[in-house]
Amino acid sequence: MKFAKYVFYVAGIWGILVITPLYFIFDQVGKKDPPPVTHPLFYYGFAGVALAWQFVFLVIGSNPVRFRPLMLVGILEKLGYFLPAVILFSQHRDHITDVYLSCGDALLAVLFLAAYWKTPKIESK
Numbered sequence: 420m421k422f423a424k425y426v427f428y429v430a431g432i433w434g435i436l437v438i439t440p441l442y443f444i445f446d447q448v449g450k451k452d453p454p455p456v457t458h459p460l461f462y463y464g465f466a467g468v469a470l471a472w473q474f475v476f477l478v479i480g481s482n483p484v485r486f487r488p489l490m491l492v493g494i495l496e497k498l499g500y501f502l503p504a505v506i507l508f509s510q511h512r513d514h515i516t517d518v519y520l521s522c523g524d525a526l527l528a529v530l531f532l533a534a535y536w537k538t539p540k541i542e543s544k
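So the sequence shown is numbered by the numbering used here: it starts at 420 and just counts up by one.
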């Protein structure tokens with residue numbers, strides 16, 4: 420259970436640190452990787468949903484046994500970035516650097532699965 424706590428706390432804190440700056444670099448995103456974002460609501464909506472998930476990971480870390488079923492949903496959240504990056508790259512519609520960046524999420528998906536397997540279904544007394 421300590422493994423799951425550690426994995427989900429680290430994932431949540433890391434995600435908060437990485438995602439929060441998105442709120443302050445909106446204009447830079449289009450300059451560094453054209454074209455500019457034309458639908459700010461999609462951008463900020465993505466940032467908001469992604470940030471909310473980081474807090475879900477902190478909640479899972481607070482009581483892995485109780486929130487064990489959510490670990491599987493967390494795996495889907497992580498694969499939701501990695502798999503599209505790989506597919507889009509294979510179709511020559513994305514850069515290899517985006518695939519490299521998404522590998523962190525793939526690693527977390529594997530760690531989330533390991534945490535799920537290692538976490539008991541019910542708390543031992």
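For the record, the hints were derived by calculation from the structure and aren't laboratory data.
Quick caveat, the model's predicted, so the values are computed rather than measured.
Be a bit skeptical, because a hint or two may be false.
In silico BS3-like links for lysine-lysine, alpha-carbon gap of 27 Å or less [to be verified]: (1) K450 to K540; (2) K540 to K421; (3) K537 to K424; (4) K540 to K424.
With beta-carbon atoms standing in for the labels, derived distance ranges [as the list claims (entries may be wrong)]: (5) A466 to M420: 28 to 36 Å; (6) I541 to K450: 51 to 59 Å; (7) P459 to L520: 15 to 23 Å.
In this text, a Cβ means the ideal position worked out from N, Cα and C, and glycines have one as well.
Right, here's what the structure says about each hint:
With a CA separation close to 48 Å, the supplied pair K450 and K540 exceeds the 27 Å bound. Our distance criterion of 27 Å between C-alpha atoms is met by K540 and K421, whose separation comes to about 14 Å. Note on K537 and K424: the hinted pairing holds, with a Cα-Cα distance of about 11 Å set against a maximum of 27 Å. Using a Cα cut-off of 27 Å, the hinted pair K540 and K424 holds, with the two alpha carbons roughly 15 Å apart.
Taken as a hint, the range 28 to 36 Å holds for the pair A466 and M420, whose Cβ atoms sit roughly 31 Å apart. Evaluation of the 51 to 59 Å hint for I541 and K450 yields a pass: the beta carbon distance comes to about 52 Å. The supplied range of 15 to 23 Å is met by P459 and L520, whose beta-carbon atoms lie about 22 Å from each other.
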